[in-house]
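Each residue of the sequence shown is one higher than the one before, starting from 2 at the first, in the working numbering.
Keep in mind the hints are simulated off the structure, nothing from the lab. The reader is advised that the hints may include incorrect statements.
Stated by the list, open to error - EDC-like, lysine to aspartate or glutamate: derived pairs with alpha carbons at most 20 Å apart:
1) 251 <-> 296
2) 300 <-> 213
3) 369 <-> 394
4) 140 <-> 89
5) 314 <-> 436
6) 216 <-> 296
7) 63 <-> 89
Quantities reported herein were computed from a predicted structural model and do not represent experimental measurements.
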Amino acid sequence: MVLILAAACLFSCAPAEEQNFRVATFTVSATPAIGVPVAYAKTRSIADSLTVKGVVIYSDQKPVVLCAVDWLGIANEGLDAWRNSLAEAAGTTPDQVSVHALHQHDGARCDYTTARILSNYGLGGWRYDTAFMSQTILKAASALKRAKSEAKSITHMGYGQAVVDRVASNRRILGEDGQVSITRWSSTTDSAAIAAEEGLIDPWLKCVSFWDENKPVVALYYYTTHPMSHYGQGDVSADFVGIARENREKDLGFTQVYFSGAGGNITAGKYNDGSPENRYVLSDRVETAMKESWDSQVKVPIGQSDLQWYTAKVALPLGDHLVEEELIDQLESEETDSLEKFTAAKHLAWLYRTREGNPITVSALNLKNVWLLNLPGELFVEYQLSAQQMRPDGFVCTAAYEEYGPGYIGTNISYSQGGYESSARASRVGPGVEEVLMDAIKNVLNATN
2 MVLILAAACL
12 FSCAPAEEQN
22 FRVATFTVSA
32 TPAIGVPVAY
42 AKTRSIADSL
52 TVKGVVIYSD
62 QKPVVLCAVD
72 WLGIANEGLD
82 AWRNSLAEAA
92 GTTPDQVSVH
102 ALHQHDGARC
112 DYTTARILSN
122 YGLGGWRYDT
132 AFMSQTILKA
142 ASALKRAKSE
152 AKSITHMGYG
162 QAVVDRVASN
172 RRILGEDGQV
182 SITRWSSTTD
192 SAAIAAEEGL
202 IDPWLKCVSF
212 WDENKPVVAL
222 YYYTTHPMSH
232 YGQGDVSADF
242 VGIARENREK
252 DLGFTQVYFS
262 GAGGNITAGK
272 YNDGSPENRY
282 VLSDRVETAM
292 KESWDSQVKV
302 PIGQSDLQWY
312 TAKVALPLGD
322 HLVEEELIDQ
332 LESEETDSLE
342 KFTAAKHLAW
352 LYRTREGNPI
362 TVSALNLKNV
372 WLLNLPGELF
382 VEYQLSAQQM
392 RPDGFVCTAA
402 YEEYGPGYIG
412 TNISYSQGGY
422 ESSARASRVG
432 PGVEEVLMDA
442 IKNVLNATN
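Throw the hints in and build the complete structure from the sequences for me.
Quick look at the structure:
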């Protein structure tokens, strides 16, 4: 295990009248053109737009950037490109930038490393459009740079939460033998999957807001589920979480940013039959919780001395199935179908990145008793719930899907329980990952338990 902890006070501890705490917001389109590949097909229609939304926190110290993108995942050199470009635009360093996908399955993939490997084996442009990826990153960086001149002074912070009714359910249903007996996908008509209990979830949608006196500047929302109702045909959509977010923005008149939590083993499957109309039933339920979390907020004064940024760099243990020679053989074989080659390319990309010593960054922004925790991959919800237990005195909000390279990240026991999420196809890490990540989370949350 490699663990390097860094902590730095973002802001000087000057008197309130000398503080220079400001927040800027930026928004650009992340919608592909017709014909551009998204997660599982080429774009054939635009059901609703995809966006990049973010905030920049300015002070006398290094700015911090928090960014959310309506794409399936951002991985490897793709994440490097996002962080480096936004850092340069903000006048900060990449370790002060956290970029997350929301994980909609009708959004694009972003991974220059895997795209290059596929291109080397005759599959270039199939799953990735590197020109579109680069154009979107450039637009986001340009918007961020322009936003600095419109940054607002921040005097207060709000935070609140509400339970989301009938959306999230655990996708791994265990049998009496302790093994996964039913996988509850994002949509299902299977009576046994529908009848089963919700299982372990985090039912709370959380809201954190920044204010210039009595004027709200931005609201950040955090909720945990796979954000898909129906998908896979190339009909681009921000899906039910994006629709709820945009409705809130229209109602309130200022920027709303949504982050997906540790939803690797969480879907809407119990409450979603996959019908097109159910997308709006789910979005209404999420939007209702957004309203309730906003209305429940506690508003407190905040200044520069109340904020800190913590990071931990970790190397995750590789899965035993990531064997270079075998992966190359699959890519070279004429008997391997294109989907198997795609999986092999993603595995090989993560293997190379790990061998080259590219660590994952776990980070947290601390604002008084509020913690905005940034985590990699398709994490199981257990990581998020454990983080909350580490700070029982705090209000911990988790954003996952930052570094998408490792794929699903289960708990140690999940790798002996079967099921898709901990399979050799879906996960590129293995047992032992739980200790590494939990230690990193504990460190960035400054937890002692």
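Hint by hint, here is what the structure shows:
Distance hint between residue 251 and residue 296 is fulfilled; the C-alpha atoms sit about 16 Å from each other, no more than 20 Å. With a CA separation close to 12 Å, the supplied pair residue 300 and residue 213 stays within the 20 Å bound. About 11 Å separates the Cα atoms of residue 369 and residue 394, which keeps this hinted pair within 20 Å; it holds. Annotation: proposed proximity of residue 140 to residue 89 holds, straight-line Cα distance about 13 Å (limit 20 Å).
A C-alpha spacing of about 14 Å is found between residue 314 and residue 436, which places the hinted pair at or below 20 Å, so the restraint holds. A C-alpha spacing of about 15 Å is found between residue 216 and residue 296, which places the hinted pair at or below 20 Å, so the restraint holds. With a CA separation close to 11 Å, the supplied pair residue 63 and residue 89 stays within the 20 Å bound.
Checked against the numbered hints given earlier, this structure breaks none of them.
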